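Participant: Given chain A's structure and the hints, the job is docking chain B onto it.
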Amino acid sequence: MTSSGPDPTIAFNSPPFSSLSSTLALGLIILEQDGRIVHWNDWVAKRSGIVADVALGKSLFDLWPETTQARIRFAIDQAITQGQPSLLSSSLNKYLLPLYEDPFRSDPVQIRQTVTISSFYMTARMCVLQIADVSAAFARESALRVQAQLLNESLERQAQIMKQLENHNDTLDSQVRKRTAQLNELAKHLQDVSEEEKTALARELHDDLGSILTAARIDVFSSAKLLAGSHPDIHAKLQRALRYLEEGIQTKRRIVEGMRPTILTQFGLAEALRYTAEEMAEVSGWTLRLTVEEDLPLSEELSLTLFRVAQEALNNAAKYSEAQCVEIILEADEHTVRLVIRDDGKGMELDAVHKPRSHGLAGMRSRVEARGGYFEIQGAPGRGVEISVSLALSQAE
Amino acid sequence: MIVGYQLSDLQRETLAEVFNIAMGRAAKAMSNIVNEEVLLSIPQIRMVPRSEASSLLGGPEQRVYSITQTLDGEFHADAILILPQARSMDLVRLMLGSPQQLELVTELEREALTEIGNIILNACIGTVTNLLEGQFSISLPVLQSGLCGDIIESHAARQSEEDVVLLLQIDFTVEKHSINGHLAFVQTVSSFQALLARIDRFIEKAAQG
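Order-wise, the sequence lines are chains A and B. Okay, so the first sequence: first residue is 134 according to my numbering, each after it adds one. Okay, so the second sequence: first residue is 5 according to my numbering, each after it adds one.
Pulled out of the complex, with its shape left as it was, chain A reads as follows:
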């Protein structure tokens, strides 16, 4: 098929084709069937460092031996023998043709290239290589990948830090819980010790001091009686001593009662609350509203805790509230006992709960919380105060 028709070497290397080809912004190489170069445009000459005069007429595979075994050789053969075009991408084929940005530098930088290989008929099947410089796209994508990597790393670091923070928080949280439990345990223990000491002291006051005072009173009484006629002046002094002794006995009784409320141990919480509240209502002029369940199955400690809270709350109301009405509710369901003491007095700023004066409030709270209970105080100026306490009926020890 290579007989008549124009000589390709002349046709492709004279105007107008050669002028057109030299203006192209891509590389153009045309091969004959045997791989001989019949066109080599300026773009290729500039980037290969080989001028057209040197390239023309030579086999591409002789000129560039590195292409002999490569995929590009196979693609050229496919185009020439079967007319099948190929696209050789820059990313799947790292270094296709030895083309450089500046081939005369000592360390020339090879161009990233996409090569398309196709064929057309002239006198015989001719093969055309079009070479596009995709270095810029390559650089752009590399930069994009670096950015993406940095972004990912920074996101990962952020996630790690968040995780560490969370872990740290969890640790702190569990420490706080542990310490709180320890403190509650300690507070409960201190209360128990304190109550025990009070009980022991009360017993001693009652048994020892009480009997001494009573014995002394009997003796003084009988002595006074004996001396009533003969020594009226001594009798008068003994009468005074008797009154002092009587006051001493009353004082002792009050102290003992305060330390160990016998009304509580003898008649139970409901009765103790009623008695105490009525006594204070009388002194302070309150109207009293009592809703108190009788015979609740309360342990001694639980009763004492609730009683002490009630005492403290009523004391506070008497001291500060100027209330007209005080309400006490004691109720229980299957699991929980609940005590509410509410007044309609002048109320308080809740911030005051945290002020030094409020040792009483803090004491109530710590008593309740030491037994695993729930303590709440509500109030605002002019709207009274409500203290409510919930405790589990069966205390987990």
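It should be emphasised that the hints constitute simulated quantities derived from the structure, not laboratory data. Quick caveat: nothing in here was measured; it's all calculated off a predicted structure. Think of the CB as a built atom: it goes at the ideal place given N, C-alpha and C, for glycine as much as any other residue. Don't take every hint at face value.
Dumping the calculated DSSO-like pairs for lysine-lysine here, alpha-carbon to alpha-carbon at most 27 Å [unchecked claim]:
1. B:K180 x A:K227
2. A:K452 x A:K479
3. A:K296 x A:K227
4. A:K227 x B:K32
5. A:K331 x A:K385
6. A:K331 x A:K321
To be clear about the criterion: a stretch of chain B counts as covered by chain A if any three or more of its residues have a C-beta under 8 Å from a C-beta of chain A, and this derived list gives those stretches [unchecked claim]:
7. 31 to 44
8. 117 to 127
9. 138 to 144
Facilitator: Okay, now just chain B, sitting in the frame of chain A:
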């Protein structure tokens, strides 16, 4: 159904054999490029009217990449490789060994997919043109992305004549990742009948040889 374009079992088996040989060559070429074992096989060949093709390719609404090369000569045909969009870029990235995956599909990744399609298409087109023993001009590969139905529809061979599609299922595996693609030859009934005649002649020759 259009009469006269069904494949006989013998024709189908013959086509399967020649296409699988071609796929073996294409797989080897790709293995050489990526230094990984690439497997390509054609488990199924069917002949369908163009209107039915997209439903066989996972439905007209399926998002796909297509790589198309057009044959012109004794007859006109479009050879379209259709790959599901969801997984084909994973495969490309595996072949490129990209260290950092990006959300978007880059220009160079699309180009690489075009080359992969080109290798598979050339192998199949070569098989067909060898069978036909004719002279064809074959276009460079063109990548498109879109809905399967739109892409099949845009490749009507001749307006006047009913088109048929020779549909090859292609199993494509790199490392442990594999995707199912399809290669569709969209052509007119008459050109398909020419192909069938060539297949018969090829079978006869093989029987004699």
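Participant: Against the earlier hints, flag every one the structure doesn't satisfy and list their numbers going up.
Facilitator: 3
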